[in-house]
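Student: I would like the entire structure built from these sequences, with the hints used as guidance.
Under the numbering used here, the residue at position 312 of the sequence shown is numbered 331, and the numbers go up by one with no gaps.
None of these hints come from the bench; they were simulated from the model.
Check before you lean on any hint, since a few could be wrong.
[What the hints assert, rightly or not] Distance ranges between label pairs, derived from CB positions:
1. Asp153 / Gln244: 50 to 58 Å
2. Ala139 / Ala423: 36 to 44 Å
3. Thr214 / Ser376: 40 to 48 Å
4. Gly309 / Ala421: 34 to 42 Å
5. Ala455 / Ala423: 24 to 32 Å
6. Ser62 / Ala417: 25 to 33 Å
7. Asp299 / Ala88: 19 to 27 Å
8. Gly268 / Asn354: 27 to 35 Å
[Said to hold, decoys possible] Quick list of in silico lysine to any residue cross-link-like pairs, SDA-like style, CA-CA up to 20 Å:
9. Lys476 / Gln447
10. Lys476 / Asp430
11. Lys476 / Pro322
12. Lys476 / Ser172
13. Lys476 / Thr415
14. Lys476 / Val283
15. Lys476 / Thr404
16. Lys476 / Ala423
17. Lys476 / Asp412
18. Lys476 / Ser236
19. Lys476 / Gly335
20. Lys476 / Pro409
21. Lys476 / Asp164
22. Lys476 / Thr258
23. Lys476 / Gly453
24. Lys476 / Pro451
25. Lys476 / Ala171
26. Lys476 / Ser406
27. Lys476 / Arg449
28. Lys476 / Pro407
29. Lys476 / Thr364
30. Lys476 / Leu448
31. Lys476 / Leu442
Backbone N, C-alpha and C define an ideal beta-carbon position, used for all residues, glycine too.
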Amino acid sequence: MKHLFATKLRACLASLFIMAPALAPAAPFTPGNIVVVRVGDGSATLTSAATATFLLEYTPAGVLVQTIALPTAVAGNNSILTNTGSSTSDAVLTRSVNGAYLVLTGYDAAVGTLTLTATASATNNRVIGRVAADGTVDTSTRISDAFSGTSASTANIRSAATVDGTAFYAVGSNTGVRYVPFGNSGTAATTALSTAAPTNNRSVNIFGGNLYVSSASGSNFGISQVGTGLPTTASQTITLLPGFPTTSGPSTYAFYFADLSTTVPGVDVVYAVDDRTTTDGGIQKWSLVGSTWTLNGTITGTPAPALRGLDGKTTGTTVSLLASGNGGVYLVSDNAGYNAAPSTTTLPAALIAAPASNAVFRGVAFAPAATVTATNPGNALPGLTISPNPATDRITVALPQAGAATVALRDLTGRLVLAPAALGTDRQLRLPAGLAAGTYLLEVRQGAITAVRRLQKN
Numbered sequence: 020m021k022h023l024f025a026t027k028l029r030a031c032l033a034s035l036f037i038m039a040p041a042l043a044p045a046a047p048f049t050p051g052n053i054v055v056v057r058v059g060d061g062s063a064t065l066t067s068a069a070t071a072t073f074l075l076e077y078t079p080a081g082v083l084v085q086t087i088a089l090p091t092a093v094a095g096n097n098s099i100l101t102n103t104g105s106s107t108s109d110a111v112l113t114r115s116v117n118g119a120y121l122v123l124t125g126y127d128a129a130v131g132t133l134t135l136t137a138t139a140s141a142t143n144n145r146v147i148g149r150v151a152a153d154g155t156v157d158t159s160t161r162i163s164d165a166f167s168g169t170s171a172s173t174a175n176i177r178s179a180a181t182v183d184g185t186a187f188y189a190v191g192s193n194t195g196v197r198y199v200p201f202g203n204s205g206t207a208a209t210t211a212l213s214t215a216a217p218t219n220n221r222s223v224n225i226f227g228g229n230l231y232v233s234s235a236s237g238s239n240f241g242i243s244q245v246g247t248g249l250p251t252t253a254s255q256t257i258t259l260l261p262g263f264p265t266t267s268g269p270s271t272y273a274f275y276f277a278d279l280s281t282t283v284p285g286v287d288v289v290y291a292v293d294d295r296t297t298t299d300g301g302i303q304k305w306s307l308v309g310s311t312w313t314l315n316g317t318i319t320g321t322p323a324p325a326l327r328g329l330d331g332k333t334t335g336t337t338v339s340l341l342a343s344g345n346g347g348v349y350l351v352s353d354n355a356g357y358n359a360a361p362s363t364t365t366l367p368a369a370l371i372a373a374p375a376s377n378a379v380f381r382g383v384a385f386a387p388a389a390t391v392t393a394t395n396p397g398n399a400l401p402g403l404t405i406s407p408n409p410a411t412d413r414i415t416v417a418l419p420q421a422g423a424a425t426v427a428l429r430d431l432t433g434r435l436v437l438a439p440a441a442l443g444t445d446r447q448l449r450l451p452a453g454l455a456a457g458t459y460l461l462e463v464r465q466g467a468i469t470a471v472r473r474l475q476k477n
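Tutor: Structure follows, in structure tokens:
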């Protein structure tokens, strides 16, 4: 009897220890940190079966801050979110346009489910995960009518993007681009924005108020625009950006657009990762010259480390790029500006080494940051003022209370045009060189509160 009781007690305690990591709440992300998707926990060989998925947060120096386990069991409205261990194109990580969320995709399938991409999406829903700046994980958004596989024809969900977490665009290896409301149930239909080629897409993201996808199939080998603006209805046209190849060879995955020219309207430079391990692979830089996108050069290694994840931040004409691939996570900057070869063509050593065994990195992004949007001065940090407004090249930020503060600047699409930086003791902020005239949102963070004020740039 004692032996039986002890056995049951040990089993109970073991269960508690196993569950403990999933029950531990995540800490808020630190703005400026790095977040990478890891598939696998290091305990078993990666296969085509469903595998536990994690988000790892690192400092810019490559020091691990925390590990967030994504759900491996249903909890309330949250579905399971696992990924196949062998599909290199899955688990792309994107940041919402407003900077408040990270987004990735996966499958509502228990760890160990065999040949995950051969499952039907009606049986094992495809899942969009939304992770807030405070570390809260939401996997309640499910898809049952797209990215469905069979034993004869497997299918992946690969990537999703959002403006503010209230709706998503999703892509995968079939059924084109989907528009999916937040919290979509596993029985509700999604909107097929386009059923024309390319239906096999790798990454989706939003820049300059437009929707883009990457692909390497049919006659689209690079980046394409989906419709105009941010479409929510069917029958959209997917158009390859002029200048990108129409024949096989390039292997484009994630991408990041920047606005580096004062004379070219809108975004005019795009960085894209190509997972070829030849000299053509790496981080490609393209500039919009006239009406055609022109390849300026490639940041690569020897051999190129099969990069598939990418995110960026723009400060003036300097772009900080995060890339992930077989060799780990890389951080590199390009300060050459518009329509010029990258300031370096050599990829530095990995900032964060790839997992040793039985795990792999997928997508990567800069950490999200919480924002309290102030529609009037009383909503957040009452008494906060900026002057002059309109401004030409610099402003003074008057804080309502003493203490340190950080500031950042976004355009009206949510794109970061000035990365978060400490406000000097003189409370003056120089605007980015070449910043176009228009309306911007100044984010001021003091303590735990972030306020937003409109700034007019002349």
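Student: Going through the numbered hints above, which ones does this structure break? Give me the numbers in ascending order.
Tutor: 1, 2, 4, 6, 7, 11, 12, 16, 18, 21, 22, 25, 29
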